[in-house]
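With the sequences and hints as input, model every part of the structure.
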Amino acid sequence: MGSVLVAYSGGVDSALLLKVATDVLGDRSLGALGVSPSLSAEELACARRVAASIGARMREIPTREYEDERYAANPPERCYFCRGGLYDLLAPIAKAEGFAGIANGFQLDDEGDFRPGQRAGRERGVRSPLAEAGFHKTDVRVLARELGVPVWDKPAAPCLASRVAYGVRVTPEVVERVAEAERRVRALVPGLQDLRVRHLGGGEARVEVEPGRLAAVEAARPGVEAALRDLGYATVSVAGYRRGALLPARE
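By the working numbering, the letter at position 160 of the sequence shown is numbered 160, and the numbering carries on one by one without gaps.
Source of the hints: derived by calculation from the structure; they are not laboratory data. By construction, the Cβ of each residue, glycine as well, lies at the ideal position given by its N, Cα and C atoms. The reader is advised that the hints may include incorrect statements.
[What the hints assert, rightly or not] Ranges of calculated distance between the beta carbons of each label pair, as one might list FRET restraints:
(1) P62 / D109: 26 to 34 Å
(2) P211 / E97: 41 to 49 Å
(3) A187 / R48: 18 to 26 Å
(4) R48 / E218: 31 to 39 Å
(5) D88 / R221: 38 to 46 Å
(6) R169 / R49: 30 to 38 Å
(7) E60 / R229: 33 to 41 Å
The structure is reproduced here in structure tokens:
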């Protein structure tokens, strides 16, 4: 590509892409991190540390997806409006600063998922070098480990808005409530890897954790329920984590 602006999130896919772009292109590469209420403080701090550890240039780009009613209404295509808005912010930066194009961390395993955000990228000419190179998630993790990317084994950490059931309005207040709920659950049950507090609307929350830790959460359930009731959740359930649990049914 000659030069590239990498849409960077701090996850292993985009971190590997940014690491290789930095190694190959040096100052002709730049990571662009979209920052909004949907990015938790913990994930923001992690993304900053990772960029620094791999020697990458990184810029934080404030995003405005909550100002888009199409996004705030939280339809199944929510990610399309979010990613499209981000790429629309990055395009003039790439043009003004002479980057040949924009790239994201999409890899081949993502093709089987519901990914409206990827459609937004394709429509705007955003490239996906990992997919182009034939990489699956396992390949990403192996190479990331070999190259010293510190998040090579980091669990997936989608944005906080992904915890909100479709059709329930997404606001900064709601995602901060979710973030605080997850902080409280982690404090009560240390060592959780896959944790999601699903905001289901109507004062209902569902705590999802990896199946092997369900017993630990059940043991702490009185405290978990009290902590979440304090945040306004009248009904709290517990279930095993399942990727894409809120995705719409697909035929």
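Consistency of the hints with the structure:
The hinted range of 26 to 34 Å is satisfied by P62 and D109, whose Cβ atoms lie roughly 30 Å apart. At about 46 Å, the beta-carbon gap between P211 and E97 stays in the expected band of 41 to 49 Å. Checking the proposed 18 to 26 Å range against A187 and R48 shows it holds: the Cβ atoms sit about 23 Å from each other. In this structure the hint that R48 and E218 lie 31 to 39 Å apart at CB holds, the actual value being about 35 Å.
A hinted range of 38 to 46 Å for the beta carbons of D88 and R221 is consistent with their spacing of about 44 Å. In this structure, R169 and R49 meet the distance hint of 30 to 38 Å, their C-beta atoms being roughly 33 Å apart. A hinted range of 33 to 41 Å holds for the C-beta pair E60 and R229, which are about 35 Å apart.
Hint violations for this structure: none, all hints satisfied.
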